[in-house]
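*Asks:* Sequence:
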Amino acid sequence: MILQALVKEYENLAENNLVPKRGWCQAKVSYAIDLNPNGKIKEIYPLKTEQTSGKKKVFLPVAKSVPEMVTRSSGVAANFLCDNVKYMLGIDQSGTNARVQECFQAAKEKHLALLKNVDEPMANAICNFFNLWNPETAYDNACVREKSDELNEGGNVIFCMGNDFAQDNDTIKKIWDNYVVHQTENTNDGICLATGEKTEIARIHRGIKGVPGAQTSGAALVSFNAPAFESYGKEQSYNAPVGKYAEFAYTTALNYLLSNRDKTFQLGDSMVVYWAENGMEEYQKTFSFVMNPHIDNEEQLQRIFDSLKKSRYVDVDNVQMDFEQSFYILCLAPNAARLSVRFFYQNTFGDILKNIKEHYKRLDIVKPLWVEKKYLSVYELLRETVNPNSKDKTPIPNMSAMVLQSILSGNRYPASLYTDTVIRIRSEQGNVTWGRASIIKAYLIKNYSWKEGENYMGLEETCNDTAYILGRLFSVLESIQKEANQGINATIKDRYFNSACATPASVFPILFKLENSHIKKLEREKGSGSKIFYEKIIGNLMKKLVLFPRSLSLEEQGKFMLGYYHQTQKKYEKRRTNKWERLLKTDMSLLFYLMLKMEILTGILTLAICQELIRKVA
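Using numbering that gives the first Met the number 0, the first residue of the sequence shown is number 0, and each one after it goes up by one.
Simulated from the structure, these hints should not be mistaken for lab results. Certain hints may be false.
Quick list of simulated restraints, FRET-style, between CB atoms [what the hints assert, rightly or not]:
id : residue 1 : residue 2 : range
1  : R311      : E152      : 51 to 59 Å
2  : R144      : D188      : 47 to 55 Å
3  : T502      : S258      : 49 to 57 Å
4  : Y571      : D493      : 18 to 26 Å
5  : T194      : V318      : 27 to 35 Å
Pairs of lysine to aspartate or glutamate, EDC-like flavour, derived with a Cα cap of 20 Å [unchecked claim]:
id : residue 1 : residue 2
6  : K512      : D493
7  : K107      : E135
8  : K63       : D169
9  : K109      : E196
10 : K41       : D148
11 : K512      : E522
12 : K366      : E298
13 : K308      : E298
14 : K481      : E534
15 : K39       : D118
16 : K63       : E135
17 : K109      : E119
18 : K47       : D33
19 : K445      : D314
20 : K392      : E427
21 : K543      : E459
22 : K308      : E280
23 : K570      : E534
24 : K542      : E460
25 : K450      : E460
26 : K356      : D314
27 : K360      : E453
We put the CB at the ideal spot given by N, CA and C, even for glycine.
Given the sequences, and given the hints that come with them, work out the whole structure.
*Replies:* Here is the structure:
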């Protein structure tokens, strides 16, 4: 299924001339060897261009379309028209040894075999070069000697005559295309797993580049490197029969997708790649900002979610996208010289958006005043499970992919997401951030079928769940302590939160003893008003409690933390409301006064003041 989808994507890309055709590839080239018609080196000049990398200006190789390059491990295998200096010039940092000479000889044989009978100036020049060039006297050439250090740093070189490059020569291109069509390693035919057609099977698959942590030269998605992995007497990739066309197509498409960072994103140790079956990039762009929302695109994101209820289409940047369009998400992780597939998910674009929308709905919760964003991205979600003081902010391997897959498919969240969040809160002595509270709420709703939790965006005063009430009660007791001891550095949360969350029966009696002394101090310093206020809240909560349980389960501990968070935010919400009410009264009084005293300008002033009032309140 993966290979089939990627072959289809290749055909879409090839139709739009975004990827090379079979037998060709994009390679980074550093230098060009300028040849005379007699095959002698006229000049060696750099092709690198200046680019900005961070704050620095660096010179980087240019990408050029060249004949498809071979996959090398430890053996000697030459490329055509584009290769490193070991093959093209027979030189190395350590000089010209037997290994380097073997590389040059392989390149010589390949070029002469393809071009020796071609009557064309460029082909003749290349053949003359290989016939005349002696690697042992390479450094006697002034051009090589002058740029020896740069050439030996690595990078590919190509041939040219003036401004005409060998790989762009029409005659040579036809020769290479004909060679690719008729090239056979063995007459090993079979049924291709990707296309279902009988064709020549690829023995070795090209490497996939762009996955962080994997080999930069490319890691294999399909490979067999030991007899233990083989069966029925078949060697290497013949064990997973994929035709040469399909092998080229899927590797080309995947390399193209991975090279476009705006169409991929990294999540933990995994790289996520996504595409639509019809090849339209608008689907990729939409999926990207849906999965990684920020303040600037929240309105657009809400319009997309609203359209899910109204129609089968959504308009993004004046492009109408069909919700029934098939959409693919591939999650890859590095594994030495190979790639492991974390998951591969395929569904309609609309269903994927619906599942993401429901996920965001489950996460929705009251937030602190300073939080401006509405949606919590997957990356931010996973960051809540990591120690903020740790140098390595990467979540547990494999958990990232499991969380993402559960969001896309609408299935249960992995248990590790919840347990790691609870552990993180306990290790930080009750630091229940809005992100962690969101995770707890979403997990309990999805995995524990806590249906009433869907309405718990903010404080739910009608909830009679014991664990939730205990969390609220702990927050109230902490508020009493803070108000009685202004500027206190440590509260009961720092000492008693974890034990109160796990074993309430053994801790809450101690907390109430402390509360008695705190409330007395509060009454002495601020009067009976605060005492009556807090005792009323505590009384209402205690009415809902039959007894303090000896212990709370993992599920109940989550509800305790959620109750604590809701009650704490309610306190700050009350303060904000009072501030806005005072502001409203002040501005309305001013407005009324001006309307009476300045009747002529009433209309103008009313509009201006109302606008200012709205700005302040909002």
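*Asks:* Hint by hint, say whether it matches the structure.
*Replies:* Hints, verified against the model:
| no. | hint | verdict |
| --- | --- | --- |
| 1 | R311 <-> E152: 51 to 59 Å | holds, 55 Å |
| 2 | R144 <-> D188: 47 to 55 Å | holds, 50 Å |
| 3 | T502 <-> S258: 49 to 57 Å | holds, 55 Å |
| 4 | Y571 <-> D493: 18 to 26 Å | holds, 19 Å |
| 5 | T194 <-> V318: 27 to 35 Å | holds, 31 Å |
| 6 | K512 <-> D493 | holds, 17 Å |
| 7 | K107 <-> E135 | holds, 15 Å |
| 8 | K63 <-> D169 | holds, 16 Å |
| 9 | K109 <-> E196 | violated, 31 Å |
| 10 | K41 <-> D148 | holds, 19 Å |
| 11 | K512 <-> E522 | holds, 16 Å |
| 12 | K366 <-> E298 | holds, 18 Å |
| 13 | K308 <-> E298 | holds, 16 Å |
| 14 | K481 <-> E534 | holds, 15 Å |
| 15 | K39 <-> D118 | holds, 18 Å |
| 16 | K63 <-> E135 | violated, 30 Å |
| 17 | K109 <-> E119 | holds, 17 Å |
| 18 | K47 <-> D33 | holds, 15 Å |
| 19 | K445 <-> D314 | violated, 31 Å |
| 20 | K392 <-> E427 | holds, 16 Å |
| 21 | K543 <-> E459 | holds, 13 Å |
| 22 | K308 <-> E280 | violated, 24 Å |
| 23 | K570 <-> E534 | holds, 15 Å |
| 24 | K542 <-> E460 | holds, 12 Å |
| 25 | K450 <-> E460 | holds, 16 Å |
| 26 | K356 <-> D314 | holds, 17 Å |
| 27 | K360 <-> E453 | holds, 8 Å |
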